[in-house]
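With the hints as constraints, model all of the structure from the sequences given.
Number of protein chains: 2
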Amino acid sequence: MTEIIPGPGTARAIHSGELHRSLADPLLSAMTFLNEVTHRFPDAISFAPGRPYEGLFDPDSITDFLQAYREHLERDRGLDAAGVRSALFQYGRTNGQIHELVARTVANDEDIHVPVESVVVTVGAQEGMLLVLRALFTGPDDVLLVSSPCYVGITGAARLLDIDFVGVPETDEGPDPERVAAAARRLRAEGRRARALYIVPDFANPSGTSMPVDRRRRLLDVAAAEDLLVIEDNPYGLFTTEDVRTPTLKSLDTDGTVIYLGSFAKSCFPGARVGYVLADQAVVEPDGTRTLLADALAKIKSMTTVNTSALSQAAIGGLLVRAGCRLREWNADTIAFYRANMRLMLAELARHFPPGSGVSWNIPGGGFFAVVTVPFVADDAALECSAREYGVLWTPMNIFHLDGGGLDQLRLSCSYVEPDRLVEGIARLAAFIAARGVRV
Amino acid sequence: MTEIIPGPGTARAIHSGELHRSLADPLLSAMTFLNEVTHRFPDAISFAPGRPYEGLFDPDSITDFLQAYREHLERDRGLDAAGVRSALFQYGRTNGQIHELVARTVANDEDIHVPVESVVVTVGAQEGMLLVLRALFTGPDDVLLVSSPCYVGITGAARLLDIDFVGVPETDEGPDPERVAAAARRLRAEGRRARALYIVPDFANPSGTSMPVDRRRRLLDVAAAEDLLVIEDNPYGLFTTEDVRTPTLKSLDTDGTVIYLGSFAKSCFPGARVGYVLADQAVVEPDGTRTLLADALAKIKSMTTVNTSALSQAAIGGLLVRAGCRLREWNADTIAFYRANMRLMLAELARHFPPGSGVSWNIPGGGFFAVVTVPFVADDAALECSAREYGVLWTPMNIFHLDGGGLDQLRLSCSYVEPDRLVEGIARLAAFIAARGVRV
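Note that the protein sequences, when read in sequence, are chains A and B.
For the first sequence, my numbering gives the first residue as 1, with consecutive numbering after it.
For the second sequence, my numbering gives the first residue as 1001, with consecutive numbering after it.
No lab work stands behind these hints: they were computed from the structure.
Some hints could be false.
Examples of chain B residues toward chain A, derived with CB under 7 Å [said to hold, decoys possible]: (1) Arg1075; (2) Phe1089; (3) Met1303; (4) Val1306; (5) Asn1398; (6) Ile1399; (7) Leu1402.
Virtual Cβ for every residue (Gly too), placed ideally from N, Cα, C.
Listed below in structure tokens is the structure:
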């Protein structure tokens, strides 16, 4: 936020109450907070934002990715010099130009097989959420189900579009399918409709929780029975702590229940802002014509961003070419880094907080996040104190809860810190917690 | 659109009536049509899309722009290697990282002086429209005024957000300020509110029309009197046919009436998808705290795209550095190209259609577009015939009218064709028109 002194060009004042109601919702400040909190305390050790580790990024690689993409356009797609120039600089296909590479990658990495035309390349998964919500929700009687605690990107996007949402409490195995069904039935009894459920089945943000495969299968059955679409968001799936992989909901989906949101922010790099939606559902017109949900998303995308940056698509496309459309192998070093960091963070927590200390945490099977439960209120004020006096940043879990819960919990992200800083950071966190009267 | 045969993964059918109502509006197909029509008829000469000329783009320049930006980060912003890496790869400031370069450029090129913090870097001007509409419009009683015929990007974005709009007929000097005032008063009498007017004062899309400076001044007075914000969109302003420049509304604005949408799609290149909003209006909270409208737009942007591609910002930022933040000079060759093409197109029209032929057109002072009036219905079916049988593409003006008008007009874009193809294309257009019984 920028405090300003009235001056030339700022004579016209708009009262905040005259702006859209979403702007008054703390949700819309949460993302800015997560993205910018590191800038406010540059010397603090940050377990706050879910940012990928930067140490493995190499600025010189961009030129190589762009070169790989140009070669791909010439060799694999038969473009001449003018065609390559157009692909890099000009407006293009609304749903993107790297859709074939994306389809190949999800087939290799996630065993997901969809028609190439059902891939919508988006400006990060966030634009994907916006497009999907806009397409599916028609009015005040359509309600979004989300597990709670929940990623703020989906609830914030819902707020922008005046879409109501209802939380289904998360267990330590993700949302309980029976409670999802109950929520859908409760809404139906009220004359409303649970249109879709948003879920991160693998190493959820914020909780780090994952759904076992049986629960995934049961959830798909429930969704089919309740005529509920499932929006599966999978930014962290590659980053398992063991060499086992639970199948994605989309790979288990045989009847088009799941709309899949993918992101290259963690498996490639966030600065490209490239994500995708897999939307292979059929849309049936009154005259019987059938198109793909992806085509409807394209119409909406033409009015949000027109295209995803051709330059970003070229960089990510080139990286996919270099990676042979296999991001799991490509990310071997990154996966190893996150594994080691997660283990280290959990070990350091165990070292500082022995049983009986009143401090506990979960043991995620991968991803970036773990949740620590403390015997005091871990709110924005506590974070401010932690940052200013102890030089350590984390995220209050409360901002992810729909019902005011999570006040005694904090989210730690292990993704962004070097191991030696991580050790020092957990020591600082322990000092902060000790100062609150907790035995450590 | 993709016609599909039901198969595995497409068992779930969604009826089109169950999707958001915007998807049933022809407006949302218009942009996809404009972007993809050239792909449907690859051999036709295209006066259809408002795409920039590609002949001056050089794929090798991208590496140079990225290099220039890296040097700028080190030299002008004092970043070390880690800082540069973070700027290129990582999540960043929601409102963008090239805001200072943008502010310098609009000062140099358009004599617009705003606080750097009021610049919001967006995924093209299209995202800017979405953010501004979402911030300003609170419910069904807030109405958007647009000049008619009107760019479909703004009306389409309004449809996504269920925002009502009302057309103010355009004259050959843009919208008449008195009719704008009358429209605002009429809405007020109905208990509704004209919240903002969207306008392209320079070489409008689709009409090519410009507003004289006196009319601009009067429009600002009317807007202030009627408590109406003006959304000025200026993608074509650099491309004048003479070396004179009418001041932008924003440069004439002394009291924060104008929210300015800028685009680098035509002055740099569209593939980057980088635009910006200048939003220096003060927002006043109930407790008297003042922030900038740009801060509210950031909150919304955090839920649409999170960030504008860092890679795209680096490319455009590097280009701005190389250009000394003076895009008019940088675009000297491009400006000359469009000037020559516009003159040639108008001359060729005059050669084929002498006075009395029943075919007429306007004489734009710059930009990409001219409008031809013909004595027959120039609709989608006529375009299909023109493309298939005569190998020439244009855009039916009807899609830009809110009231079904413009059926006897077609929009010609002179921006995308080589001069020799332009001459041949107008000859083809003349043959198509002649076949409709018009004396040529």
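Checked hints:
This hint is violated: Arg1075 of chain B has a C-beta 15 Å from the nearest C-beta of chain A, more than the 7 Å allowed. The beta carbon of Phe1089 of chain B comes within 4 Å of a beta carbon in chain A, closer than 7 Å, and the hint placing it at the interface holds. This hint holds: Met1303 of chain B has a C-beta 4 Å from the nearest C-beta of chain A, less than the 7 Å allowed. The interface hint given for Val1306 of chain B is met, as the beta carbon of that residue sits about 5 Å from the closest beta carbon of chain A, less than 7 Å.
Given hint, Asn1398 of chain B at the interface with chain A, is violated; its Cβ is 18 Å from that chain's nearest Cβ, farther than 7 Å. Interface hint status for Ile1399 of chain B: violated, as the beta-carbon distance to the closest one in chain A is roughly 13 Å, over 7 Å. A hinted interface residue such as Leu1402 of chain B counts as satisfied when its beta carbon comes closer than 7 Å to some beta carbon of chain A; here the least separation is about 16 Å, so the hint is violated.
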